[in-house]
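Participant: Go ahead and model the full structure; you've got the sequences and the hints to work with.
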Amino acid sequence: AQSVSQHNHHVILSEAASLELGCNYSYGGTVNLFWYVQYPGQHLQLLLKYFSGDPLVKGIKGFEAEFIKSKFSFNLRKPSVQWSDTAEYFCAVNPGGYQKVTFGTGTKLQVIP
Amino acid sequence: KAGVTQTPRYLIKTRGQQVTLSCSPISGHRSVSWYQQTPGQGLQFLFEYFSETQRNKGNFPGRFSGRQFSNSRSEMNVSTLELGDSALYLCASSLGLAGGGVKAEQFFGPGTRLTVL
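The listed protein sequences correspond, in order, to chains A and B.
Each residue of the first sequence is one higher than the last, beginning at 1 in my numbering.
Each residue of the second sequence is one higher than the last, beginning at 1 in my numbering.
The set of hints was computed from the structure by calculation and includes no laboratory data.
The structure displayed is predicted, hence computed values, not measured ones.
Be a bit skeptical, because a hint or two may be false.
What the hints assert, rightly or not - Derived lysine to any residue pairs resembling SDA-like cross-links, with alpha carbons at most 20 Å apart:
1. A:K108 with B:P39
2. A:K61 with B:F107
3. B:K103 with A:G96
4. B:K103 with A:S52
5. A:K61 with B:K103
6. B:K57 with A:Y27
7. B:K103 with A:D54
8. B:K57 with B:L88
9. A:K71 with A:S3
10. A:K108 with B:T38
11. A:K49 with B:A87
12. A:K108 with B:A87
13. B:K57 with A:Q99
14. A:K58 with B:G84
15. A:K49 with B:E105
16. B:K103 with A:G53
17. B:K103 with A:G59
18. A:K49 with B:L95
19. B:K57 with A:G96
20. B:K103 with A:F51
21. A:K58 with B:N71
22. B:K103 with A:Q45
Facilitator: Dropping the structure here:
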């Protein structure tokens, strides 16, 4: 069965620090990849997505992610975080062939002003 | 365009009772998926409906069931509630089935917070 691992459960950064959140998945075939964010008290919203093409994907609010097929990874990055980035971040993988979407367990990011 | 709506937003039930949650997808979206979100577990997939048919199912007991109507609205039912069913239940809609490329992008509702006492 496919699985998604987010190794960092809780990350604390100071404002302006760089961010990288890890995401690894176990499925070997074609995949669609997503990062979602859940701000406190708000519902899940899509940060960025990868379906095909350029493995470096840019999303909203300055976030980007790189798909490395050989490493089964889709890490999320931001060069300089802000206090408003405090949220929980979820990686999700959706294999082709109309299979279900699998989410990671999430990473809580706390940005200290 | 209105987003995904879920009703009710909050629900308190006691063990043994049953509950029905409702989800209205974005207009034109034909796929509705349900997830259970709990702290530390992330989002666990329950099931996906497309054109009134269940297309995918997660690893939940038979107490969890769902259905989709011809207008794509969906309901989820949990019977014989247990304390461990306390969670945020999320509904997501998409144009097409999961795994179907761009059409599979999911849009989430605010969730229904279920508390079982």
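Participant: Take the hints in turn and mark each one as holding or not.
Facilitator: Structure-based check of all given hints:
The suggested pairing of K108 (chain A) with P39 (chain B) holds, with an alpha-carbon distance near 11 Å, which does not exceed 20 Å. A distance of roughly 18 Å separates the Cα atoms of K61 (chain A) and F107 (chain B); the hinted pair therefore holds under the 20 Å criterion. With a CA separation close to 12 Å, the supplied pair K103 (chain B) and G96 (chain A) stays within the 20 Å bound. Using a Cα cut-off of 20 Å, the hinted pair K103 (chain B) and S52 (chain A) holds, with the two alpha carbons roughly 13 Å apart.
Our distance criterion of 20 Å between C-alpha atoms is broken by K61 (chain A) and K103 (chain B), whose separation comes to about 23 Å. Our distance criterion of 20 Å between C-alpha atoms is met by K57 (chain B) and Y27 (chain A), whose separation comes to about 18 Å. Pair hint K103 (chain B) plus D54 (chain A) holds up; C-alpha atoms about 19 Å apart against a cutoff of 20 Å. Simply put, K57 (chain B) and L88 (chain B) have alpha-carbon atoms about 18 Å apart, close enough for the 20 Å limit, and the pair holds.
With a C-alpha separation of about 14 Å, the suggested pairing of K71 (chain A) with S3 (chain A) holds against the 20 Å cut-off. This hinted pair checks out: K108 (chain A) and T38 (chain B) have alpha carbons roughly 13 Å apart, not beyond 20 Å. Distance check on the hinted pair: K49 (chain A) and A87 (chain B) sit about 27 Å apart at the alpha-carbon level, beyond 20 Å; violated. Proximity of K108 (chain A) to A87 (chain B) is assessed by CA-CA distance (about 18 Å); at most 20 Å being required, the pair is judged to hold.
Only pairs whose Cα atoms come within 20 Å are accepted, and K57 (chain B) paired with Q99 (chain A) is accepted, the gap being roughly 10 Å. The hinted pair formed by K58 (chain A) and G84 (chain B) fails the criterion: a straight-line CA distance of about 38 Å is larger than 20 Å. At roughly 8 Å between alpha-carbon atoms, K49 (chain A) and E105 (chain B) fall within 20 Å of each other, so this suggested pair holds. Restraint check: the Cα-Cα separation between K103 (chain B) and G53 (chain A) comes to about 16 Å, which is no more than 20 Å; the hinted pair holds.
With a CA separation close to 18 Å, the supplied pair K103 (chain B) and G59 (chain A) stays within the 20 Å bound. At most 20 Å may separate the alpha-carbon atoms for a hinted pair to count; K49 (chain A) and L95 (chain B) meet this at roughly 16 Å. Note on K57 (chain B) and G96 (chain A): the hinted pairing holds, with a Cα-Cα distance of about 16 Å set against a maximum of 20 Å. Our distance criterion of 20 Å between C-alpha atoms is met by K103 (chain B) and F51 (chain A), whose separation comes to about 11 Å.
Under the criterion of a C-alpha separation no larger than 20 Å, the hint pairing K58 (chain A) with N71 (chain B) is inconsistent with the structure, at around 35 Å. Taking the CA atoms of K103 (chain B) and Q45 (chain A), the gap is near 16 Å; set against the 20 Å cutoff, the hint holds.
Checked against the numbered hints above, the structure breaks hints 5, 11, 14 and 21 and satisfies the rest.
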